[in-house]
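Engineer: Dock chains B and C against chain A, hints included.
Residue numbers (our numbering), protein chains in the order written: chain A, 1 to 279; chain B, 280 to 585; chain C, 586 to 1002.
In case anyone wonders, no lab produced these hints; they're calculated from the structure.
Certain hints may be false.
[Stated by the list, open to error] Which stretches of chain B does chain C cover? Using the computed rule of at least three CB atoms under 8 angstroms from a CB of chain C, they are:
#, segment
1, 400-412
2, 425-433
3, 523-536
4, 547-553
[Unchecked claim] From chain B, some residues computed to sit far from chain A (all C-beta separations above 10 angstroms):
#, residue
5, Gly330
6, Leu331
7, Val359
8, Ile360
9, Lys436
10, Glu438
11, Phe574
All C-beta atoms, glycine included, are put in the ideal place defined by N, C-alpha and C.
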Amino acid sequence: MRRVRHTVPNVLLAHVALAAYTVIALFPIFIIIINSFKTRKAIFRDPLALPGPENFSLVGFETVFRQGDFFLYMQNSLIVTVASLFFILLFGAMAGFALAEYRFKGNTLMALYLAIGIMIPIRLGTISILEIMVATNLVNTLTALVLVYIAQGLPLAIFILSEFMRQVSDDLKNAGRIDGLSEYRIFFVLVLPLVRPALATVAVFNMIPIWNDLWFPLILAPGEATKTLTLGSQVFIGQFVTDWNAVLSALSMAMFPVLVLYLIFSKQLIRGITSGAVK
Amino acid sequence: MTSHRRPIRWHIGIFLAPAVLVYSAFMIFPLFGTLQLSLFTTSEQQTSFVGLDNFRILFGDPRWSGAFWNALVNNVWFFVIHMLVQNPLGILIAAVLSNPKLRLRGFYRSAIFLPTIMSFVIVGFAWKLILSPLWGIAPDMLKAVGLKFLFAPYLGKEEYALTTLALISVWQYVGIPMMLIYAALLSIPQEVIEAGEVEGVTGFAAFWKIKLPLILPAIGIISILTFVGNFNAFDLVYAAQGALAGPNYATDILGTFLYRTFFGFQMQLGDPNMGAAVAMIMFLIILTGVCIYLFGIQMRMTRYQL
Amino acid sequence: MKIKSLFGAATALLLGSVGVATADVTLTIESWRNDDLSIWQEKIIPAFEAENPGIKVVFAPTAPAQYNSALNAKLEAGTAGDLITCRPFDGSLSLYKAGHLGEVGDLENMKNFGAVAKSGWSTDDGSAIFCVPMASVIHGFIYNKDAFKEVGVSVPTTVDEFFSTLEKIKQDGSYVPLSMGVADQWEAATMGYANIGVNYWKGEEGRQAVIAGDMKLTHPDWVAPYAQLAKWGPYMGDGYEAQSYPDSQNMFTLGRAAIYPAGSWEIAGFNAQADFEMGAFKVPVQAAGDECYISDHVDIALGMNKATKNPEAARTFLNWVGSAEFADLYANSLPGFFSLSDHNVNMTDPLAQDFVSWRGECNSSIRPYHQILSRGTPNLANEYWVTSANVIRGSMTPEEAAAHMQKGLASWYAPQQ
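The shape of chain A in the complex, shown without the other chains (with noise of 0.2 angstroms):
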């Protein structure tokens, strides 16, 4: 009885909390979007009221439009991070598999050497990477991107996708092994759909910071056809900055394929997240 007396305004507590700081995290995202559907002066004049039809205007969509390719972005960036994602996936789990399947000479010395990028940022090798870059030709490529990410993603990807792999059972696999099945159909027919947690876990880790990359798009990829929905929005509202218009549509512009995405694959983000942290 004492309990359920005290959890009652707990919860209550609790609620009050959680929704202002919900409305904390949510406030500029919702004034970005409202403001970017109204006039100069409305915009200027009260910018916490909601668009209405007195003040509406599609004026800074248009110019987005006209003089931004949000769509090349949107799809240079979808290019990047799915491509980069499938290979981190890829070769993260063959390394992993034979970090923890094999025995061998300098097998943890290998996975110490390829955990050391765990912690390092790769932007501090920047400037060879892009002497790399530049000598294969590959400085304005989204090539160029998805190889750096790669390299970024792999240690944590390979930690990870170990960790899980030494956890399939043995017996499973020396029934493969029995029944005639080479290393590689093991590891793709069996081992790999039973890691799939671990996958996802790894993909939502990788997703977000490539997503949002602003630091290498700009050094290796600047050029109009290659630019990211990151660099293409930074370089938009550079060019429109006195247009608020045009810079509010931008932001919303960017913001609106993360939301959607987000409003899609939250559940499933979350749980990749927190399946990964319990281990």
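Structural biologist: Here is chains B and C on its own, set in the frame of chain A:
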């Protein structure tokens, strides 16, 4: 089954090769390239080996050392704010959320995590507009709750600008500690909590005495993630304050200092060699932090858990 | 360190293969003039493309404050466009020396430019020219005529009148007297220090004296502009410390401010956005009847990225930039950018006419920190941004700022040691 001798197992090499190749070529090799670059100097298109001279200039020449120490001190403060605000706040929200009887948990969790998935470019600019004295959202809102006197042009004042940026970053990234701690709290076995309840430890005391010690490893991981992230930060300051990190370099952190040194700014030309030296120092700082964590904190923690 | 040689080899390969291609070439122009995007897209580029079938041109600007660093990064990486908009003097000279800009002195239409125009983009000895001059900009103040009428003030000609005007506008309360902020810092140096300073250091006279080492930056003539700036703060908008350059532009064109410390490049944008009548006045002198000086800065030119894959097309475009047609098109589509060529250009915009008329009354001089003096570390131009903003915010006294500048300059510039 791995004990008896067998022919060379090519598949191990094949499994490892792609990862090792890409990782070595684009991560390890460039780090060594940076190290090498930092030991040379370039003048009139001629490159020559100077040993540690660039580092002597960085620390010894007042024209460089002043800017460097300023960036480092700012970076430390940036990190301190995250440790003092972001992580406790994240833990607090996670603790409240972990109450299984709470409704709408999923909604709160998703909403509070939302800013984390936005890019700094968007977040930095959005906040810049909101705090803009011209637009007046921040002053109007403070006025509405009778706190108008609290408003200042935060991003333009030397004494507030960096703290303001750090708090914006906290706003954005509080979702990460929240999630990780939330997961750690969920993984605490129910029996442990029930055992506490039997002994009369409930509510806040239960959190403090039972749960907190159990989530210490997660807090350790969050701290080191914060450390690495903060000493590598760049995007927010660049997006909100520009490469010159105004006012009066008050928001200059190592990332922006590196960018300016390497690529130059306005009439100042970039200097790849000094840039590499700055990058090496950042590398050493991060490495030191990580080693302290691995050998100092994590080892003690594992022992404690046993 | 190896970037350049590797890059050279890569370029040579590419250049070798370009001769075969006959398809349309596309030239990309790097620029900081983001405000001019639509004018390039709608007027200038179509005019060129109509005369030169087979060459397409794309204008790809970056924000002014980020232009130089972004351009440097792109040039290092080999990702920069074919044509590079040139900052005057050392900014471009260093790019030329680093091998990023090709020579343009042999273009036919370079004959249309005088020595002053070329000086901004030549080597110190004048032997090589690396950009085709496009325009100069003039500094002064743009004001809201309606606001002046309403408050009942007239155009100030002396410094004292200037401050009494500001004071009256402030007392009246309906307008912010000065629309400027210090968040981006460069306005404080460009529209502040360099704008008002010419009247104190007597334009070219003072500028040349500092370059020669005959005058220090701590000389009263160089401290006085700081001292005037220090008094500007109270007349700027609430929270001017965080007010960015676009904030200031919007504040003025929304009709909330009375005076805008300006460069003439603002004219086109202001004409489009403001719905009140504007006028311009030149920098007030210290005492009535004093000889006056203006900051008339050779500002913008166009050069060729040495690594371009389309050097012939790029040279065709550059030669066109030197033509009478371009001079007319540019000056009239972008009132406030005054042509540097010898062609006779008729300007139709009254505000631009105001600015250019000062050339007849006053002595012209360029910004003091652009030639030679920004070649070392610390960089004098960057330092002027920071100290001018500091002085306005009151975190540095004028004397401290001047001493700081002198110390920085003397640390690497031999004539000042």
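Engineer: Look at each hint and say if it fits the structure.
Structural biologist: Cross-check of the supplied hints:
Only residues whose C-beta sits within less than 8 angstroms of a C-beta in chain C count toward coverage, and the segment 400-412 of chain B has 4 of them, enough to reach three; the restraint holds. Counting residues of the segment 425-433 of chain B whose CB lies closer than 8 angstroms to any CB of chain C gives 4, so the stated coverage by that chain holds, three being the minimum. For a cut-off of 8 angstroms, the count of residues in the segment 523-536 of chain B with a CB near a CB of chain C stands at 5, and the three-residue condition holds. Here the segment 547-553 of chain B counts 5 residues with a CB under 8 angstroms from a CB of chain C, which clears the bar of 3, and the coverage holds.
Listed as outside the interface, B/Gly330 is consistent with that label: its C-beta sits roughly 19 angstroms from the nearest C-beta of chain A, beyond the 10 angstroms cut-off. Every Cβ of chain A is farther than 10 angstroms from the Cβ of B/Leu331; the closest lies at roughly 18 angstroms, confirming the non-interface assignment. A cut-off of 10 angstroms between C-beta atoms confirms that B/Val359 is not in contact with chain A; the least separation is 20 angstroms. Separation of B/Ile360 from chain A is adequate, the least Cβ-Cβ distance of about 16 angstroms exceeding the 10 angstroms criterion.
With a closest Cβ-Cβ approach of about 20 angstroms to chain A, B/Lys436 is found to remain outside the 10 angstroms limit, as its non-interface label requires. The beta carbon of B/Glu438 is kept farther than 10 angstroms from every beta carbon of chain A, the shortest such distance being approximately 23 angstroms. For B/Phe574, the requirement that its beta carbon stay farther than 10 angstroms from each beta carbon of chain A is met, with the minimum near 13 angstroms.
In summary, this structure violates none of the numbered hints.
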